[in-house]
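Enquirer: Dock chain S against chain G, hints included.
Protein chains in written order, with my numbering: chain G, 1 to 225; chain S, 1001 to 1455.
Treat the hints with care, as some may be off.
[Stated by the list, open to error] With a straight-line cut-off of 30 Å between C-alpha atoms, the simulated DSSO-like cross-links for lysine-lysine are:
#	chain 1	residue 1	chain 2	residue 2
1	G	K56	S	K1195
2	S	K1445	G	K137
3	S	K1445	G	K17
4	G	K56	S	K1337
5	S	K1337	G	K160
6	S	K1195	G	K83
7	G	K160	S	K1445
8	G	K17	G	K160
9	G	K119	S	K1337
10	G	K71	S	K1445
[To be verified] Examples of chain S residues lying across from chain G (beta carbon under 7 Å, computed):
#	residue
11	T1253
12	G1257
13	I1351
14	F1355
Because the hints were derived from the structure by calculation, they are not lab data.
Note that this is a predicted model, so its numbers are computed, not measured.
Even for Gly, the Cβ is constructed at its ideal location relative to N, Cα and C.
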Amino acid sequence: MLQVTDVKRMFHAGDIKVLAVNGVSFQVDQGQFASIVGQSGSGKTTLMNLLGGLDKPTEGRIEIDGKDIAKMHDHSLIGYRSKQIGFVFQSYNLVPNLTAMENVMLPMEAAKVSVRKRKERAVELLRAVEFTDDQMKRKPGKLSGGQQQRVAIARALANKPSLMLADEPTGNLDSQTGQMIFDLLKGLAQSQRTTVIMVTHDLSMARQADVMFQLKDGKFIEEEG
Amino acid sequence: MNVVTRGMRNAFRNATRTLSIVIILGLSIGLSLVMLIAHQAVQSKIAATNSSIGNTVSILPLGGGSILSAGGTLLKTSDLNRVKSLAHVTYVNELLSDRVQPQGTNDRGVPNAPQRYDGTTSLKSPFTVVCNGGTCSGDGRTIVCLPSNGCSNGHPPSNFSLSIPLVGTTDPTNPSNIDASSITITSGNAIDGSKDTNDAMVSQAIAQKNNLRVSSTFTAYNKTLTVSAIFTSDTQDGNQTIIVSLPTEQRLTGATGEITSATATVDSLENLSATVRAISNALYSLADVTSDVDQANAALQPLDSVKNISLYSLIGAVAAGMVIILLTMVMIVRERKREIGVFKAIGFSTIHIMFQFMAEALTLTLFGMVIGVLVGVFGGNPVTNTLVNTASSSGGSVGKGDALGLSTIQNIHAQIGWSIILYGLAAAVIIALVGSALASFFISKVRPAEALRSE
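One chain only, chain G, in its complex shape (with noise of 0.2 Å):
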C-alpha cells in the first residue's frame, strides 16, 4: 500500500545544508499499523509531512497504492489528500469555533460530500469513538483532551482514507488516556482496513505496532514487526 523509497528532505538554514531526512526506504501493507519512534530532532515530523503530502521530498519517492505522491502537482496534491489521507495531530488541531460535529464533517466538505451524507457520516464516527449527541454538539473548548484527540480521529477517518498518518497523538494525554486512543486507533484502523502510521516517542507503545521503525538522524536503524 505505502512504498516508501530512499526518501531525503533537504532544508537550508542560511549556509547550513541540514538532512531532516536521509534516504528513508521503507513499505506498509494495507491495513498495518505502524509506529516510527525516534528522539526529538530525529526527524519524524518532516517524516510524516512527506508521507502526508505536506511537504516534497527533495529526493525520492513515495507512493501510496502505486500513485508517486512526490511528482504530484499540487493542485492535484490537494484533492488527492481530502479523500486519501487522514491526520491526526498532537495538538489536535480542531477548529475552535466549530462543535464535533462541525469538525468531523470539515474534510466532507472539502472532498465535496453532500451535506446529508456528511451528517450521517460524522455521526457514525463519533457514535464510534464513543461520543454522546450532547457531546458531538459541544466545541473543543468544551471537551476534555482526550475527548478532542477522539474527534480528531474521527476526522481523520471521515473520508475513509486508505493512509492516517498520526503525528504523536498521545503526546498531549496522561498514559491511561494516552493508551485509550491508541487502543482506539488501533481498533478503528482494523474496523476500517485503514493503514495508520503513528509517530511517537513512547518505545512501549511503539511497540504494540505491527510493525515498528526506529528513526535517528533522519535515518531508519531498526524494524521490528
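Expert: Relative to the frame of chain G, chain S by itself:
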C-alpha cells in the same frame, strides 16, 4: 455549513474585536457617504446654477436705481450705441422701468400721507398687503402700521395701495423685463417695442381686477392707453405689470432718450467674459456692468472648495476603510496561520480558504455599512449645510446674484435616496474585497508543513 457561513461565523469569533472593527469601519463608511452626499448635492447645485446662466450682460446706471420713480442717474440710449457696435453683442434690450400709483391713493401706508399726482393710473393694483400684528407685507414691501404712526387697527388706511410696475422696453415679449422666465399672451397681439404708440400689454391679474379686455382703455401719466394684449407669466412681479414700448414710456414720463437699465445678449458663453470687459470699458464711469457668469462665479466659488473638500475626504475615507479591513484581515490570517495549515492539510484548496476569509471580511464590512448608512443618512444634510455655510461665510459673495436665486445657494438640500444606500453597499463590497486581497495573498503562501509547526 459551507465556506460562506463559516466565514460569517468567524467574523464573530472575537466579540470585542468584531465590535471595535465594525464601529471603526462604520464611521469610515459613514464619512464616505456623508462626503458623497455633500459632493453630489454641491455638484447638482453648481450644475443647476450653471444651466440657468444665460449669455446676457446686465447694464445699470452707475450708482443709479433701476426704477425711474426712485430717482438717481439714468443711462442714455445714445450711450448704448457704443455697446451695440461691439463685437459679439448680438442684441441690446433697453428698459425704462417705473411704477404708477392708482389714482387717489398713496403707497406710504400711513394716515395723512400725501397722494401722488404724477405717475398715476386709473387702474387698481391686483395685489394687496397682508397684515399681521401691524406689519404688512406684499410685493416686496413692508409697511409698519401701528398706533404710533396713526394706524388704528393694524391695517393701512383705506387710501393706501401698492403701486403698479410699468415697463417700457424695446423687446416687449422678453420675460426678463418683468423678472420672469416665461410670458404668455393669452389674448390680443404683442406691441412693437420700437414704435411710440399708446398701446399697452397688461397682465391677466390687472385685467381681471379692472375688468379689462383687448381694446379696453385706461389712463397712465394722464394719458389714455389701449390694451393690445393680455398676458400671464410665472412670477408674481410679472403678473402685476404693464408693458409699453420704450419710446412710449420715454414720452409718457418725459425721460426722452433715457433708460433705467439694459441687457446685452452675447453670441456665446465663451465670449461672455471678454464682452463684459469690453462693455465695461465702453461705458466706463457710466454704468455697472455684470453678467450672470460673474455673479454665478462669485456665488459658486465657495461651493467649488466644498466640492473639492468633499471629494478628497470621500477618497480618504474609502482608503481608510480599505486600510482598516486590510490590516484587520492580515492580523487575523497571521493569527490563524496554523488553522489555515490544518485546512490545507485536510484537503481545502487555497481558493476555498481565501473565499472563507473574504466572507469574513465582507461580513465585518456589511455590518460596518449598516452603521455607515445611518451616519450618512442622518449626517448628510447637516454636514453639507455646515460645509457650505462655513465656505460661504469665509469667502465668496452673493452680490447681485438674487436675480438668479443665487442667494438661495446656501439652502442646499442633500438628496438621500436609495442610490446612496447602493453606493454604500458598493463601497462596502469594494473595501472588503480589496482589503482581504492582501490577506488572501498571505494565505496562498502558507505551507501546511510550516504552518502546523507554528504556535
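Enquirer: Of the hints stated earlier, which fail here?
Expert: Of the numbered hints, 1, 2, 6, 8, 11, 12, 13 and 14 do not hold.
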